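Asker: Next come the chains, spelled out residue by residue.
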Amino acid sequence: MHTDMSILSLVGGASVMVQLVLVSLLLVSIIAWTMIFQKWRVLKRAKDEANLFERRFWSGADLVDLYKALAQRKNAQGMASIFEAGFREYAKLHKQPGMINEAVLEGAQRAMRVTLNREVERVESGLPFLATVGSTSPYVGLFGTVWGIMNSFRALGQVEQATMAMVAPGIAEALIATAMGLFAAIPAVIAYNRFSYSVERLEGRYDGFMEEFYNLLNRQVHN
Amino acid sequence: MFDWIRENSIAFVVAVVLHFIFFGALFFNWQMDKPKKIVLEQGDVIQVTSVDANTYDAEIKKIEEQKKAKQRLKKQRKAEAERKAQALKKKKQQEQARRQKEKKQKAEELKRKKAAAAKKKKEAKKKAEQDKKRKEAEKKAAEAKRKKAEQKRKEEQKKAEQEIKEEKKRRAAEQKRKAEEEKKHQAELRRQEERANAERKRLSKGIINRHVAMIAQKIERNWRQPLDAPTNLQCKIDIVLLPSGKVVSVKVVESSGNLSFDRSVETAVRRASPLPVPADSVIFKQFEVMRLRFEPGK
Chain A
-10 MHTDMSILSL VGGASVMVQL VLVSLLLVSI IAWTMIFQKW RVLKRAKDEA
40 NLFERRFWSG ADLVDLYKAL AQRKNAQGMA SIFEAGFREY AKLHKQPGMI
90 NEAVLEGAQR AMRVTLNREV ERVESGLPFL ATVGSTSPYV GLFGTVWGIM
140 NSFRALGQVE QATMAMVAPG IAEALIATAM GLFAAIPAVI AYNRFSYSVE
190 RLEGRYDGFM EEFYNLLNRQ VHN
Chain B
3 MFDWIRENSI AFVVAVVLHF IFFGALFFNW QMDKPKKIVL EQGDVIQVTS
53 VDANTYDAEI KKIEEQKKAK QRLKKQRKAE AERKAQALKK KKQQEQARRQ
103 KEKKQKAEEL KRKKAAAAKK KKEAKKKAEQ DKKRKEAEKK AAEAKRKKAE
153 QKRKEEQKKA EQEIKEEKKR RAAEQKRKAE EEKKHQAELR RQEERANAER
203 KRLSKGIINR HVAMIAQKIE RNWRQPLDAP TNLQCKIDIV LLPSGKVVSV
253 KVVESSGNLS FDRSVETAVR RASPLPVPAD SVIFKQFEVM RLRFEPGK
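From first to last, the protein sequence lines are chains A and B.
Per my numbering: the first sequence ends with 212, consecutive numbering throughout.
Per my numbering: the second sequence ends with 300, consecutive numbering throughout.
Since the hints were derived computationally from the structure, they do not count as laboratory data.
Predicted model only: the values in this text are computed from it and were never measured.
Note that CB positions come from ideal geometry on N, CA and C, so glycine has one too.
Fair warning: there could be bad hints in the mix.
[To be verified] Pairwise CB distance ranges, derived in the manner of DEER restraints:
1. R102(A) <-> F29(B): 50 to 56 angstroms
2. M3(B) <-> E201(A): 36 to 42 angstroms
3. L41(A) <-> F25(B): 36 to 42 angstroms
4. R143(A) <-> R273(B): 46 to 52 angstroms
5. L41(A) <-> F4(B): 30 to 36 angstroms
6. M139(A) <-> A281(B): 37 to 43 angstroms
7. M139(A) <-> M3(B): 30 to 36 angstroms
8. R273(B) <-> A168(A): 27 to 33 angstroms
9. F25(B) <-> R102(A): 42 to 48 angstroms
10. V242(B) <-> V5(A): 51 to 57 angstroms
11. A27(B) <-> A60(A): 48 to 54 angstroms
12. Y128(A) <-> V15(B): 24 to 30 angstroms
13. F25(B) <-> I179(A): 18 to 24 angstroms
14. F29(B) <-> R62(A): 47 to 53 angstroms
Let the sequences and hints guide you as you build the complete structure.
Answerer: If you want it as structure tokens, here you go:
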């Protein structure tokens, strides 16, 4: 009567639908974790870069030199790219004759706003996937469990004397699907919450920098 | 999608490795963590002495009946033998009477003959000498006849004796045969009895085994491991049961050394009441007082 109750044998004995659910959940979990690592790296780098740039920006160095150095590197990201876009637009418009100061400032601000949106979008990408995994994979797992329990009860209806030993393995293997769903969902939810908070803070910092830089330009224009 | 994975190949590889490690550990742990078991050793189901005396009431009754039947048979046989002996005695007496009668007859005849001879002698004396020869011849003839008769009688006697001897021999043989038969019959009876006993024992042993397993399962289902007890404990308990399976008392006779473990086992037995005991009252006697050994975590 003793049945092998290791997870492997349970998965092997499960119905095709349950196995399908398990495999898809495993794939989703792997992708979610890939995304978690990737986002983590991206956000950390963005934060480091923002720190570094702010330090350089407020160190009192000449903004033209700073812009030239950044333009040469070309792969400016985050705060640096916002500064670059704003300064480039400002320089371009400032050189044009007959430009009123408000238009120059507005153009620079628009350019910075666009870049900020692009940067935030880049950092933010993939977070909706994590949210989706976090909210739906428990349901997918539950679906597999319900299906598996349904099957085991259907098989049970065809025998005259039902024993615990006949129902238990079926239910156990069906429950693995729920476990798998939770296994995929929990890290995804935690990561989503943490990353969306980080992105929000980063966006706030970009926004703040943008305002400060705009003030700087404003002062320079009206001098 | 694939592009995205290729772009983040390092993160992807790390994620895959993480999953492998996690599930590998899970499988390994799961296989190590086998379901706990309570071992109830069949050998430890003891028979209580007071139960032992009247365990097999029906069996004893049967044996007594068999004994009675045997005695009856013996009596019958004895009566038969007596009857036979009496018949033989009667026959012997008859024979003797017959022989005595014969003897008497013969004696009378002899007497008569003697008288006749005397008479004849007298007559012969009286008669002339010429008759002497004839008389002599006659006498001789009579003598021969007598001798012949004597011989015949002797032969007859001899024959009768031989017959008796033969009869005796025959009877002895008969007796011997009967004794042998009796012996055989008894051996057969004993063998049958033994076989019946073994069969009954075998059957009841099967039932006992099954019920011990069922009881073990039920207790095991009702057992909760105490949090503060290690997993490798074992203890022995005595359970007193009613025929309905209700637990009358539980007692730890050999403690595990851990009080909460002992108590958890006692609680499990009480919670498992009524236990699935056999309906047969004779076999139930074996379950009236049980000693079980609990070995979880094995």
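Asker: Does each hint hold? Answer for all of them.
Answerer: Here's how the hints hold up against the structure:
no. : hint                                    : in the structure
1   : R102(A) <-> F29(B): 50 to 56 angstroms  : holds, 53 angstroms
2   : M3(B) <-> E201(A): 36 to 42 angstroms   : holds, 40 angstroms
3   : L41(A) <-> F25(B): 36 to 42 angstroms   : holds, 40 angstroms
4   : R143(A) <-> R273(B): 46 to 52 angstroms : violated, 33 angstroms
5   : L41(A) <-> F4(B): 30 to 36 angstroms    : holds, 34 angstroms
6   : M139(A) <-> A281(B): 37 to 43 angstroms : holds, 38 angstroms
7   : M139(A) <-> M3(B): 30 to 36 angstroms   : holds, 32 angstroms
8   : R273(B) <-> A168(A): 27 to 33 angstroms : holds, 30 angstroms
9   : F25(B) <-> R102(A): 42 to 48 angstroms  : holds, 47 angstroms
10  : V242(B) <-> V5(A): 51 to 57 angstroms   : holds, 53 angstroms
11  : A27(B) <-> A60(A): 48 to 54 angstroms   : holds, 51 angstroms
12  : Y128(A) <-> V15(B): 24 to 30 angstroms  : holds, 29 angstroms
13  : F25(B) <-> I179(A): 18 to 24 angstroms  : holds, 20 angstroms
14  : F29(B) <-> R62(A): 47 to 53 angstroms   : holds, 49 angstroms
Hint violations for this structure: number 4 only, all remaining hints satisfied.
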